[in-house]
Amino acid sequence: MKHEELDEALDSFGDALASATRVTPGNALRPEDIAVDGVKPSEEVAQYALTLGDDALILAQRMSHWISRAPELEEDVALGNIALDVLGHARSFLTYAGLAWDKTEDDLAYWREEEEFTSLWIVEQPNGHFGVTIIRQLIVSIFQNLLYKQLTESKDETLAAISAKAVKEADYHRDHAIQWTIRLGQGTEESAAKMRHALEILWPYVDEMFRDEEVHQNLEGIAVLPSTLRSAWEEEITAVLDAAGLEIPSTGQAMAYGRRGEHSEHLGYLLAEMQVLARKHPGASW
Amino acid sequence: MSQQSNWPLWEVFVRSSRGLSHVHAGSLHAPDAQMAVRNARDLYTRRNEGVSLWVVKSTDIISSDPDEKDAFFESPQGKDYRHATYYKASEGVKHL
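If you read the protein sequences in the order shown, they are chains A and B.
Counting from 1, position 206 in the first sequence corresponds to residue 206 in the UniProt record's numbering; the numbering is continuous, with no gaps.
Counting from 1, position 50 in the second sequence corresponds to residue 50 in the UniProt record's numbering; the numbering is continuous, with no gaps.
Isolated chain A, as found in the complex (with noise of 0.2 Å):
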């Protein structure tokens, strides 16, 4: 053993003997690092980090409303830790935006209409039964997970500072769906029927997922162009659904165009929830 292999053996055994199973904050990177270290983001750049935190912020607001509501109580802490990682990564770009135009992360959660959030439209759609919130954590932790690994290049450091920390994330949430829609399709008569059934009634969002906008234009070697992501995905969820001897569903795709502010009815139920006490007590904290 070479001596810094000892000494940091040795370190570790230090700490260890205070308690059996430690507890550490770590040392990645915060929203609040964003906000007062960060570099200001273009007008371009921000309404980007701006699409990309709208889709995780509903995406977290869906997933938080399983919490005591799930099947086992070990799904619930599992479902809670996404939904908080989740909300993470929407912090954290959403902190990233509102540099840009003097506005703090809860400016924009808070204080925004419908018409003014940019999410896609599969995020905002009910979470259904579990079979539903899997398959729709299996299209979009895929989605997202290729497009953090990609943002990580990006040219724009805070970017791609937030997407390594988001990828890593985001690849364990496509675990905990791929490993739940194996076992649900693989499952009982009627737990792949309910997998198909949330694969057919979720599908006609996943054109919109990929489909280039104008808020991706000149953004070259900043942002990843949607489109480009399309073949991997569809290669790995036809994999997963192989496996869980499921299929595509032939569903027609929706007209949806989150990216413009135009959304489905079910956004401004989900944020008339989630903005109420802001709206109510304003400048409150905990």
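Read the hints as simulated data drawn from the structure, not as lab findings.
Backbone N, C-alpha and C define an ideal beta-carbon position, used for all residues, glycine too.
Here's a subset of chain A near chain B, in silico, CB distances under 8 Å, partners left out:
1) E72
2) E74
3) V77
Distance condition first, Cα-Cα at most 20 Å in a straight line; then the derived SDA-like pairs of lysine to any residue:
4) K168/A - R46/B
5) K165/A - R47/B
6) K57/B - L43/B
7) K168/A - R41/B
8) K168/A - E49/B
9) K149/A - L219/A
10) K165/A - R46/B
11) K165/A - E49/B
12) K165/A - N48/B
13) K165/A - D42/B
14) K103/A - V36/A
15) K168/A - V51/B
16) K57/B - S21/B
17) K57/B - W7/B
18) K168/A - R38/B
19) K168/A - T45/B
20) K165/A - V51/B
21) K168/A - D42/B
22) K168/A - L43/B
23) K57/B - L73/A
24) K57/B - E75/A
25) K165/A - T45/B
26) K168/A - L84/A
27) K57/B - E72/A
28) K168/A - Q34/B
29) K168/A - L53/B
30) K168/A - S52/B
31) K168/A - R47/B
32) K168/A - E236/A
33) K165/A - R41/B
34) K103/A - L277/A
35) K168/A - N48/B
36) K155/A - L225/A
37) K165/A - R30/A
38) K168/A - V37/B
39) K149/A - E235/A
40) K103/A - R30/A
Using the hints provided, position chain B relative to the given structure of chain A.
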């Protein structure tokens, strides 16, 4: 809730850092081994507690019988000669 009784119980062991042993952290329910490791990750390492996890089916652990405690564990008491400190180093013996 009747479903939960179908999920076996797993014991979770966490290794907090390199060079240490895995330490028993608690238990959880999971449908199979792979999900048990994932649930363990979510339940027992969410505050940076670990770098490695083991899960073992609770039924696979063979434990000593608490009722046999006396016969099992009291016997070494008073047997000082089982400790190295019981013995005097003989004069003239080096490197002891």
